[in-house]
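Protein sequences appear in the order of chains A and H.
Oh and the first sequence: position 5 is 4 in numbering that gives the first Met the number 0, straight run, nothing missing.
Oh and the second sequence: position 44 is 43 in numbering that gives the first Met the number 0, straight run, nothing missing.
Check the hints yourself; a few may be wrong.
In silico contact screen, one side only, chain A against chain H (beta carbon under 10 Å); selected entries [stated by the list, open to error]:
1. 61
2. 137
3. 180
No lab work stands behind these hints, which were simulated from the structure alone.
Idealized CB from N, CA, C, for every residue including glycine.
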Amino acid sequence: MRQQRSHVYCAAILVLGLAAVSHGAFAQDSGRLLATAGVNQVEGAGGGGLTPWALITGYGSRDAVGGNVHGTYVGLNDFGLGSLGAAAGFYDRFELSYAHEWFDTGSAGGRLGLGDGYQFHLDVAGAKLRLFGNAVYDQDSWLPQIAVGVQAKAADRHAVLKAVGAASPDGLDFYIAATKLLLAESLLLNATVRATKANQFGLLGFGGDRHNVYSAQFEGSAAYLLSRRFALGAEVRTKPDNLGFAREGTAYDAFAAYFLSKNVSATLAFVSLGPIARQGIQTGPYFSLQVGF
Amino acid sequence: MRPSIRIAAAVLFISCRTAFAADPLFTDLGGEPGIKRISSNALDLYFSDPRLAKDFDNINRRFLEPRFAAYLCHIAGGPCVYKGHTMKQSHQELAITETRFNFVVEDLERAMDRAGVPYHVQTRLLARLAPLERDIVTR
Chain A
0 MRQQRSHVYC AAILVLGLAA VSHGAFAQDS GRLLATAGVN QVEGAGGGGL
50 TPWALITGYG SRDAVGGNVH GTYVGLNDFG LGSLGAAAGF YDRFELSYAH
100 EWFDTGSAGG RLGLGDGYQF HLDVAGAKLR LFGNAVYDQD SWLPQIAVGV
150 QAKAADRHAV LKAVGAASPD GLDFYIAATK LLLAESLLLN ATVRATKANQ
200 FGLLGFGGDR HNVYSAQFEG SAAYLLSRRF ALGAEVRTKP DNLGFAREGT
250 AYDAFAAYFL SKNVSATLAF VSLGPIARQG IQTGPYFSLQ VGF
Chain H
0 MRPSIRIAAA VLFISCRTAF AADPLFTDLG GEPGIKRISS NALDLYFSDP
50 RLAKDFDNIN RRFLEPRFAA YLCHIAGGPC VYKGHTMKQS HQELAITETR
100 FNFVVEDLER AMDRAGVPYH VQTRLLARLA PLERDIVTR
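Please build the complete structure, drawing on both the sequences and the hints.
Dropping the structure here:
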């Protein structure tokens, strides 16, 4: 109940914030170039589908703010994973994001003794700061755009998480991301290193009976721009393997993102999240829609 | 001695010529006629884009167009001599924002679309122009 209330508050604050922005409390200009806002990753930050990038979300220039909402659904073999969230970028420097994730165990829930359709939930509040570099303009240097970020995560189902060996239902992830657009080659490259204790992004809590320390995980994205509107790419994201009850592995995706305008983009991907809860490697289609400015 | 000098001169001449013709970007943009078309399309858009009215209202198109074309030709590695001010000098008093810089980029992209320049040629030109943001955006 406490959990439910906190994510309602969080969503309300972000919606009010976006409303204030769109009513002129902050300047909005959609002044950046198409596709340079990226999309929203599953935890809500601006980035690819799985990984946060150093780019600040939204199309606000350095003199304005930008923002967006996203909805994402991944249909896995035995599970469903959804994410709804909102994000705002301030002056191409600072980003705030919030996402609510739900993980539907479907009939696997019954096999695991939880009951068919049992759901886990995760709330993620994120902040990101661009330190230096400009991924788009610095075409005469190899220096990427660099940003640091934090994601504060809180999972529900505390008793179940404890039973599977998780050390805590909440945790903090810290990351540093480097993003470079190689415009002449029409390539966008990103590398992110994340310090985390999260099990399955945090849906199964943080730390575990096997390991209960932070580990550095690697996340990479590469995208090829077929046109100003259309990008094809792939991502990889390694994850900790903290729980004795079920192994966890690396996630991958191959994606196509279409930028209809600065206001609407859609991403279609094929994702593998690795093995989840002893049900084998989980793969399936990923759909995401982003609306913003 | 003399033939060898002549050969050296010939080699030098040929290598200079090939150095000029070597930049494939200039060729891929359609050479000088292609760049003239892009410039003309771009200025059509700049002078009619309401988002840029403030920037182009007081500018003489007949003055700007040949200089704009010569600059693009020079940046693309073509055999043109650009004799105007540097981009820093010519924009320093104009208090240009990042947003207006990007609107100019968007219009240039549209101008290249209209001139039939393929996207992957456009990005090669834009990659050479992108660092100008540091010189042009002063606000």
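Going through the hints against the structure:
Using the Cβ-Cβ criterion of 10 Å, the hint placing residue 61 of chain A at the interface with chain H is satisfied: the shortest such distance is roughly 5 Å. Among the interface hints, the one on residue 137 of chain A holds; its C-beta lies about 7 Å from the nearest C-beta in chain H, closer than the 10 Å criterion. At about 9 Å, the closest approach between the beta carbon of residue 180 of chain A and any beta carbon in chain H falls short of 10 Å, and the interface hint on this residue holds.
The structure agrees with every numbered hint stated previously.
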